[in-house]
Structures are given as structure tokens and as C-alpha cells.
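Enquirer: I would like the entire structure built from these sequences, with the hints used as guidance.
2 protein chains.
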Amino acid sequence: MDKLFVVKIGGNIIENSTKLESFLQDFSELKGFKILIHGGGKKATAMANKLNIPVQMIEGRRITDEDNLNIITMMYGGEINKNIVVKLQALNCNAIGLSGADGNLISAVKRSVKDIDYGFVGDITEINLNLFLLLLENALTPVCCAISHDKNGQLLNTNADTIASSIAKSLSSHFEVSLWYCFEKNGVLGSISDEQSVIELINPEIYDDLKSKEMINLGMIPKIDNCFDALKNGVNMVKIGSPKMIKINEVHTTLIL
Amino acid sequence: MDKLFVVKIGGNIIENSTKLESFLQDFSELKGFKILIHGGGKKATAMANKLNIPVQMIEGRRITDEDNLNIITMMYGGEINKNIVVKLQALNCNAIGLSGADGNLISAVKRSVKDIDYGFVGDITEINLNLFLLLLENALTPVCCAISHDKNGQLLNTNADTIASSIAKSLSSHFEVSLWYCFEKNGVLGSISDEQSVIELINPEIYDDLKSKEMINLGMIPKIDNCFDALKNGVNMVKIGSPKMIKINEVHTTLIL
Numbered sequence: 415m416d417k418l419f420v421v422k423i424g425g426n427i428i429e430n431s432t433k434l435e436s437f438l439q440d441f442s443e444l445k446g447f448k449i450l451i452h453g454g455g456k457k458a459t460a461m462a463n464k465l466n467i468p469v470q471m472i473e474g475r476r477i478t479d480e481d482n483l484n485i486i487t488m489m490y491g492g493e494i495n496k497n498i499v500v501k502l503q504a505l506n507c508n509a510i511g512l513s514g515a516d517g518n519l520i521s522a523v524k525r526s527v528k529d530i531d532y533g534f535v536g537d538i539t540e541i542n543l544n545l546f547l548l549l550l551e552n553a554l555t556p557v558c559c560a561i562s563h564d565k566n567g568q569l570l571n572t573n574a575d576t577i578a579s580s581i582a583k584s585l586s587s588h589f590e591v592s593l594w595y596c597f598e599k600n601g602v603l604g605s606i607s608d609e610q611s612v613i614e615l616i617n618p619e620i621y622d623d624l625k626s627k628e629m630i631n632l633g634m635i636p637k638i639d640n641c642f643d644a645l646k647n648g649v650n651m652v653k654i655g656s657p658k659m660i661k662i663n664e665v666h667t668t669l670i671l
Numbered sequence: 415m416d417k418l419f420v421v422k423i424g425g426n427i428i429e430n431s432t433k434l435e436s437f438l439q440d441f442s443e444l445k446g447f448k449i450l451i452h453g454g455g456k457k458a459t460a461m462a463n464k465l466n467i468p469v470q471m472i473e474g475r476r477i478t479d480e481d482n483l484n485i486i487t488m489m490y491g492g493e494i495n496k497n498i499v500v501k502l503q504a505l506n507c508n509a510i511g512l513s514g515a516d517g518n519l520i521s522a523v524k525r526s527v528k529d530i531d532y533g534f535v536g537d538i539t540e541i542n543l544n545l546f547l548l549l550l551e552n553a554l555t556p557v558c559c560a561i562s563h564d565k566n567g568q569l570l571n572t573n574a575d576t577i578a579s580s581i582a583k584s585l586s587s588h589f590e591v592s593l594w595y596c597f598e599k600n601g602v603l604g605s606i607s608d609e610q611s612v613i614e615l616i617n618p619e620i621y622d623d624l625k626s627k628e629m630i631n632l633g634m635i636p637k638i639d640n641c642f643d644a645l646k647n648g649v650n651m652v653k654i655g656s657p658k659m660i661k662i663n664e665v666h667t668t669l670i671l
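Which chain is which? The protein sequence lines are A and B, in order. For what it's worth, this note's numbering labels the leading residue of the first sequence as 415, then goes sequentially. For what it's worth, this note's numbering labels the leading residue of the second sequence as 415, then goes sequentially.
If you are wondering where the hints come from, they were derived from the structure by calculation, not from laboratory data. Fair warning: there could be bad hints in the mix.
If several chains are the same, the list does not tell them apart, and a pair holds so long as it fits within one copy or across any two.
What the hints assert, rightly or not - Straight-line distance between alpha carbons at most 35 Å, and here's what the computed DSBU-like set of lysine-lysine pairs gives:
| hint | residue 1 | residue 2 |
| --- | --- | --- |
| 1 | Lys658 | Lys565 |
| 2 | Lys524 | Lys583 |
| 3 | Lys456 | Lys524 |
| 4 | Lys528 | Lys658 |
| 5 | Lys565 | Lys653 |
| 6 | Lys565 | Lys661 |
| 7 | Lys565 | Lys457 |
| 8 | Lys524 | Lys433 |
| 9 | Lys464 | Lys583 |
| 10 | Lys661 | Lys524 |
| 11 | Lys433 | Lys457 |
| 12 | Lys457 | Lys661 |
| 13 | Lys565 | Lys456 |
| 14 | Lys565 | Lys627 |
| 15 | Lys464 | Lys433 |
| 16 | Lys658 | Lys445 |
| 17 | Lys524 | Lys464 |
| 18 | Lys661 | Lys583 |
| 19 | Lys417 | Lys464 |
| 20 | Lys457 | Lys524 |
Model, not experiment: these values are computed from the prediction.
Expert: Next comes the structure, spelled out in C-alpha cells:
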């Protein structure tokens, strides 16, 4: 099987133009099939502030009312996505920017209200494997923003980590998939205050052990759960680290089963 | 040859949600191959006003400085494009929203400064015919916003009428193309104050005669020149009128050679 890289970049990279350009240079040099996934929550929050639109976060998750959904559509689907695409084009990477509505790429259902009403937030139901295959086979590099749709005319804000793992799982039927999460740390840290404390390898046993010792930052738990879910569903390899890891053999965390 | 409809909608339709939804319903029912092109200048201006960003227009054309380019990218590429796409998806039209940077769809050069510096405005140099063919052959309906790129990392604001005619001309090598401009009037009017004064047929002789009698509104002249240019370069038929003309045989202007 051919190799496919599914790379997700976090908001701290997107909002720093030097970091972003350096990352895009490295990404453009990755040989073979690849897909980029981005959110951009910090930029969306900054725009909401400029427009005097309140932003409500609960446990790090955005409550997406109609105004915030419009901002997300403008920022993720427009400014961030198109600026990434135009820069990749200049680097000879034939990028094509897409939301989950485009070509029915990512369908979802609006999250049902239990304790918290998250608003226009989507839980993914289907990845359009055929469209990804069509694009990749034609030497296009999909650049996906963190928006899905419900097939009934509603855009939905959707977690970019989950989009990345859902795409990776779906495409593992046709590729040997490496899923890389790039963020502002060098990997999963054993001690949140020590950048050098990267845990280089995590398997389910190590993970259980780290959790029982409360050595994993709470915010990392859904991310790591997401990674193991991907590995259990066909993804070959998952890495968490700084954007530099895609180019050089920088210290990072590798997750295996 | 198969038929292809290239339909451009103006800002007055985009900013009126009732008109837009009615148009999208009709557009979704057009049988066969089709492409939609939109701008959204009025929505961009409204957003600039909200963000206290000055908008300078000279002879109806926007001076696109960096701040205004960002707004255009957010609004055309993001909010407007994705909201059209998600609505078309709900109408069983497999729309895919694209800027000219996506897949290198529309390349351009930044307009050189003569008397006026229009800023980040692009004059089209190339349409990516192969990508349009790939998408259309796979039952996708491209929805193109009025943004091109210079292949060197710069997005460029580009006249939506010109994008529509450039796409129509390029695709006329493979399709029998009808190019339809939908706007707030019922067609080219003989008297600007009389909505009933639609000139139903314009050929080059009639056009010269109307111009000599000063019966054509000045703002319409570049639009009509654009239409004749398309007809001279392979486009089969050009129509100008209200969005309703794509569904019913509403009065409109037909241009022929």
C-alpha cells in the first residue's frame, strides 16, 4: 500500500506566521500522499472579540451559537484555509481547501443536548472516502478545515483532532496511514512545566500507568484516546509533537498498540 | 457536445436570503453540468464597516488593500461560499466551493499600477481546465468565489463577471456553454428607471446603436463587452437577467453575435 500522511496543526501554529510558514515549507516537502487538517480557534476568538461577539468556552470547548458559527465559517473556511492553500501552491504543493460541506466531504450530526448545549457542533458520521481518493489520485493535497455539515443545510463546528483521526481511519482501507498531531509542545509531557519531559513512547499499558500516576495532563486525555482509537481502527502510526517533527527527527511522542 | 451552464450571481442576490434560497433551489434543478460563480461585495463592505476598516471605491471598483483582501477572503471564500455550498448539498447538488488558489484553479497577475493602484486585484492569466473537467466528470458542481492567486503565495480579488466569462470561454472547448449573469434587474434596460424596458436581444449592431444613442447605462458597458468577448471566444449563448430566468422563461436579455 502507498503511504499517506494525515497531519493536523493546532491553533498556536496557525496564529504565528513564522511558525506557520516554516511548517508549510516542511509539509510541502513531504513526499507522496498527504492531507492537512486545521482549526484556528484562537484566530476565531480574536475575530469574535473584534466584533464584540461573546465567546463562551466550557472545559476548553466552544459553545457555537449562530454568531460564533459565522465567525468560524469566515475564519476556518475563509481566511485561514485560503491563506494556507495559497502558500502551499507557491511551494509547488497542489493544495485544495475544503470544508466538510464541499463535495459532501465530512457529514455529521448536531450534538444532542445533554448537560450542556454546545450549539452548532457536529459529531462525525461519515467521511467521503471516494472524494478523498479522487483528489489524492489526481495529485491534489486536501487542506481540510474543522467544519462539517449535516446534509440538511447546516454547517457544524467540528473538533479538528477528531476530523484528523476520522479521515485517517477511513483512508487506512487504501493507504498505510501515519497520523501526526503538531502542536506547541514537543510531545506528551510527563511534567507539564518541563518541556524536556517528553514521553517518547506510549502504548496502552504505559498510558494506563501514566494515568494512574496522574502524570498525563487532563487536556491531553481526549487527544490520546483519539489516537488509540485511530490505531485500533487501521491507522499505522500516530505521533504527537512540534511541527518540526515532520521534517527532522525531533523528539516527539509515538503512540503504538 | 454536452451542455454546461456557467451562472454568475450578483451581490444583491447573495445578501437577500430569500432571493438566494429561491435561486439555489432553481440552480439545483438545472439538469446536467453546471458551475456557479459569486462575489459578495456588499457583504464584504458591511463586514469592513463592522471592523472599522475603510473601504475605498473608485468607479465602482474596490481598492483592495491588505485589510480589505482579508475581509474578501473571509467573506467570499468563507462565509458566502460555504453557506452556498451547504445549502446546495441539502438540495442534492454535489457542490464544491473553491477559490482560484484551490487546486490552482484560477491564476492571475496583480494589476499593474497606472493611474490608479487597485491593490491586490488580479487580472486572470489561466483557468485550470483539467481540474474543472475532473470535477464535472465526477458529478461535482464547482462553486467559485471571486478570488484568484498569483502562484507566488498571493491571493487576489478578481471581478466575478470576468471569472465567469473566463471559465465559460475555457470550458467551451469541451462543452456547449451557456453563460448566465443573474442580477437585480430583469436584463439590460433601455431606460434605467423603467424595469419594463428590457432589451430582449442585443447583437453587436444593436449594441453600437444603443451606445450611440446613450441608451446603455455606463455600468453595464464593461459587463456587455465581457459578454461579447465570451461569445467571440466559443461561448454559445449569454443571458443577462434576474435569477428567475434560469427556471422560467422570464423576460431577460440574450446576447448573440
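Enquirer: Please flag the earlier hints that this structure goes against, numbers listed from lowest up.
Expert: 4, 9, 14, 19
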